[in-house]
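With the sequences and hints as input, model every part of the structure.
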Amino acid sequence: MAAPRYKDKDAGVVLSFSGQWVSWSHTAVAYLAFLSALIVGSALHYHKIVQNEWYGYPDEWFPSVSATIGDRYPERSIFMIFIAITSGPRFALVGLWYLLTAKPGRTLPKVIAISGVIRTLTCGGWTYITSTDDHDWHDILMIAYIVFTIPWTTGCIALSPANAKAIKYRKYLAGGFFGTLVPLVYFFIQHKVHRVAGAYTIYAFFEWSLILLDVAFDAVTALDFDTFEVVIRDVKGASKGANKSSVPAAVLEKEKEKATAGVFSAGFRLSEALDIAADVYHGFVFWSILTSLGVTVWYFPLWHMGISGFEALIMTTVAPAFLAIKPFRSLVVKNQRVVHLLSLSGLVAYLIEDPTCRLFAVGLGVSLTCLGWAATLFSDSVQPARLEMRVLAWVIGLLMSSVAKFAWYTNNPIWPIMHAANGGWNGTGLVLAVLATLRFTRHAPLQGGHPVEAKGGSALLSAFGIGGLFFGLHSLLSDTSTMILWVWDGYPIRGPVSNVHAWYTIAAMTAGVFAGFSRPALVTTWTAYGVGCVGAAVLTLYHQWLGYYGALALAAYLMAISVPLISSASKKSPAVVFGLGFLIYNFVVLFHVWVVAYAFVPGGPLVRERTDWVNMTMMLLIGAGVFDLISQQAKSKQAAPRRATNTNHRKYHLGALGILNVLFLCANFLRFPTNDYKPYHAEDRVLTAGIWTIHFSLDNDMWSSEYRMRDLIKELEVDVVGLLESDLQRIIMGNRDTTQFLAEDLGMYVDYGPGPNKHTWGAALLSKFPILNSTHHLLPSPVGELAPAIHATLDVYGSLVDVFVFHSGQEEDPEDRRLQSEYLAKLMGSSPRPSILLSYLVTNPLEGNYNTYVSDISGMHDVDPTDDDRWCEYILFKGLRRTGYARVSRSTITDTELQVAKFVVPATDSDSASTWNAPKTLRNRRIPEEEVSEGLRFPAMFKGEGVRGHQYHVFDEPRYYSF
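Per UniProt numbering, the very first residue in the sequence shown carries number 1; after that it's consecutive.
These are computed hints drawn from the structure, not numbers from a lab.
For every residue, glycine included, the Cβ atom is placed at its ideal position computed from N, Cα and C.
Take the hints with a grain of salt, since some may be wrong.
Simulated pairs of lysine-lysine, PhoX-like, Cα-Cα distance not exceeding 25 Å [what the hints assert, rightly or not]:
| no. | residue 1 | residue 2 |
| --- | --- | --- |
| 1 | Lys192 | Lys678 |
| 2 | Lys165 | Lys103 |
| 3 | Lys758 | Lys826 |
| 4 | Lys103 | Lys326 |
| 5 | Lys714 | Lys678 |
| 6 | Lys48 | Lys171 |
| 7 | Lys110 | Lys168 |
| 8 | Lys192 | Lys110 |
| 9 | Lys48 | Lys103 |
| 10 | Lys103 | Lys192 |
So the derived label-pair ranges between C-beta atoms look like this [unchecked claim]:
| no. | residue 1 | residue 2 | range |
| --- | --- | --- | --- |
| 11 | Asp612 | Gly946 | 42 to 52 Å |
| 12 | Leu121 | Leu778 | 47 to 57 Å |
| 13 | Gly530 | Leu460 | 20 to 30 Å |
This is the structure we're talking about:
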């Protein structure tokens with residue numbers, strides 16, 4: 001053995017100092033960087049750095065971090081000098097922490113060290129690239145910094161040496177850091193969305209608190225680094241496991257486990273983490289395939305205008321019923337990998353161009369994925385820990401699906417209605433699905449060729465519970481905007497909005513999952529069930545925030561009860577529980593479609609507009625499953641269902657939940673409304689209005705059509721557009737919301753119109769102008785489908801203009817349409833302001849109900865009375881100067897053209913009156929395009945053959961008018 005290089009402590013040491021000085025120097029220089037910039041900035045540019053986009057001093061009197069360090073000399077330069085000096089101690093701190101915590105065979109220290117390095121680099125990124133330099137990269141690097149702060153913080157707590165004082169400080173500082181994020185986001189929303197004076201100052205205090213807490217968390221390493229001396233030699237042996245503290249190591253380890261809630265007590269293994277990641281992704285694939293079935297089926301009755309026969313494919317979910325055949329059940333259980341791999345046909349379907357063949361590929365995928373999961377759960381039911389892993393993968397997979405849909409504006413990126421042209425990530429998703437499936441099925445089934453069913457409990461009651469549960473999860477929680485739109489009530493905004501508050505739904509779902517596996521005895525009680533029922537009732541009966549509070553309670557309950565309910569069901573006959581359960585689920589799905597599609601189905605009027613019955617049915621079915629759970633507990637004289645004894649997997653599932661929440665918040669940050677909402681030709685006071693029936697955002701080839709719609713609306717320079725057949729928030733339509741993407745991408749305000757619980761096909765309004773007020777109407781419909789209408793008041797160049805968006809009842813119900821025409825005529829006539837009607841009227845020009853809409857009662861005028869080629873779409877107006885009208889072909893986007901009209905908004909009321917005091921012949925006189933100023937013309941790109949199948953048609957060119 002070689003002799004030691006140093007014979008005593010001082011041998012050969014030129015310079016030595018305690019490792020604590022790395023922590024202290026990092027802390028001092030980091031604080032100095034921020035505080036020096038604050039002091040200098042306040043001294044030299046106080047009024048400028050407290051000024052924001054809405055308010056300045058004295059409403060706002062304390063500067064934010066970004067305003068302090070970002071834009072002005074010399075504080076920006078001072079900050080950057082000190083932050084550059086901070087980088088040296090920062091990298092040294094990460095390195096020393098790795099040396100302190102690294103042990104042979106441990107992977108976690110390496111992971112945390114890597115995250116610490118990346119976190120340091122991203123910190124340099126967002127501090128040196130300010131929002132003024134490059135807003136996007138500043139935000140991206142800031143988000144990345146926050147994301148990598150999570151593994152760094154939790155990893156440092158998990159790897160903490162047995163030092164009770166350090167663990168206590170880390171726990172408090174980490175809790176303070178993440179707890180501060182909640183009020184930070186709240187006051188940012190108050191400032192950005194609600195424009196509350198002084199909110200940004202309060203936000204700034206929380207932002208500075210994050211800086212102080214973040215640096216303080218790293219400063220705690222000083223309590224651990226006294227074990228190091230630089231030139232680095234371990235003088236106390238802590239890095240080798242030695243402990244010289246007066247407190248016994250066993251006591252300190254117990255304190256550490258208490259501080260970390262025991263989550264990390266079993267260590268970290270990369271292979272186990274990969275297992276959980278694969279399980280969760282495979283659960284995500286299940287939900288992606290299942291939720292794609294409805295929207296691909298819906299394409300066919302949509303284009304057949306009635307029952308097509310393809311609706312029968314929704315019954316593919318009942319494939320687990322075949323597990324009643326014992327040889328078949330043995331075959332499936334022993335070949336789960338094959339079944340799960342074949343189920344990916346539901347993802348491969350996007351490669352099939354023909355809609356019919358694509359639908360059958362999806363149907364095959366749905367049948368096999370339901371079959372495979374039922375067999376897997378039943379096979380693994382004999383081992384509680386393994387079963388809990390599968391159930392959590394299934395449930396967290398739903399949450400992942402909701403996160404992905406939020407990031408893709410309510411479309412799932414691996415659905416078969418998506419492809420590269422409209423934002424799909426199908427190829428990437430398919431590759432990951434294959435890898436996840438292979439890892440998901442790598443363990444041998446716990447029950448082999450002749451699996452044994454557990455005795456006890458009722459398979460029939462469990463089937464009821466599974467049917468109601470899956471309907472609730474799918475109809476309400478497969479998209480975060482669904483329940484928000486249930487409680488939407490128009491402008492001014494008095495409740496949650498999807499791109500700002502949707503994370504609350506994710507948070508409630510996360511809390512529910514945690515309660516489901518950590519407190520099953522609490523979840524499986526009639527009290528908890530009562531809370532769920534109250535939540536469902538409040539969601540059904542109330543709007544705005546009160547209704548959404550009920551939605552959050554219901555979301556938490558549905559996710560919580562999923563874990564014990566599915567676990568219990570998995571131990572019974574899979575053919576009955578999942579076969580019958582999915583059959584019941586199918587019937588409730590049809591029930592919840594029939595309430596709005598009653599005019600097209602046999603017996604539909606019996607359940608017309610009875611969403612309350614749907615929710616009652618859902619909760620009663622879940623109650624049957626809860627009754628079975630409670631009965632089993634009573635018979636076995638246990639306080640709770642049998643719980644898994646090996647819970648090592650839970651820390652990875654909690655990690656997965658944490659990561660998904662962070663990813664959602666990152667997407668939420670990127671989607672936060674920042675548009676300036678500028679109209680296209682403000683200099684000419686032009687308002688370009690359009691009406692378009694969008695056929696539920698499915699084009700003729702069964703692809704999601706949002707991107708193509710966006711392009712046409714943008715190129716036509718439409719300022720205000722009414723969208724009809726726009727309510728997609730049902731299982732059969734994919735629980736989507738096209739208006740979110742269009743509004744955010746085009747920079748427009750949006751009113752979704754009557755929500756999905758109002759039983760209409762939908763009417764929406766998008767506007768470049770602020771929507772000051774909007775009211776939703778359901779017009780008289782004693783026989784046929786409900787007719788939705790929006791009455792909105794816009795601020796157009798400082799003038800108030802009313803816009804009505806309306807979808808009339810169907811042709812088969814003339815009395816409905818007559819009553820609706822009278823109602824709408826009176827509604828339009830009640831407005832003394834300039835007005836526009838963007839509508840679907842189902843009438844011939846100059847005939848029948850047309851003369852009620854265009855009448856002295858309404859005060860409205862037809863945009864072009866000579867256009868006799870209309871039946872559905874009409875634009876009417878009053879009090880505005882109409883200058884142009886055009887009809888633009890749809891290509892293959894939908895079945896209806898886009899009609900647009902240009903109006904000049906009068907600067908005064910007298911201007912408006914003089915326009916319509918002119919003789920009628922003069923008012924309707926058409927003029928050549930050359931006599932119209934450039935700002936009043938329609939784009940020339942759609943002349944002739946146009947672009948992408950869009951061109952001016954019927955007239956072959958736009959029409960222009962002298963008044």
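Outcome of the hint check:
1. Lys192 with Lys678: 17 Å, holds
2. Lys165 with Lys103: 22 Å, holds
3. Lys758 with Lys826: 22 Å, holds
4. Lys103 with Lys326: 51 Å, violated
5. Lys714 with Lys678: 12 Å, holds
6. Lys48 with Lys171: 38 Å, violated
7. Lys110 with Lys168: Answer holds: Lys110 to Lys168 is near 24 Å, not above 25 Å.
8. Lys192 with Lys110: 40 Å, violated
9. Lys48 with Lys103: 52 Å, violated
10. Lys103 with Lys192: The hint is violated at about 48 Å.
11. Asp612 with Gly946: 42 to 52 Å: 48 Å, holds
12. Leu121 with Leu778: 47 to 57 Å: For Leu778 against Leu121, whose Cβ atoms are near 56 Å apart, the range 47 to 57 Å holds.
13. Gly530 with Leu460: 20 to 30 Å: 23 Å, holds
In this structure, the hints that do not hold are numbers 4, 6, 8, 9, 10, in rising order.
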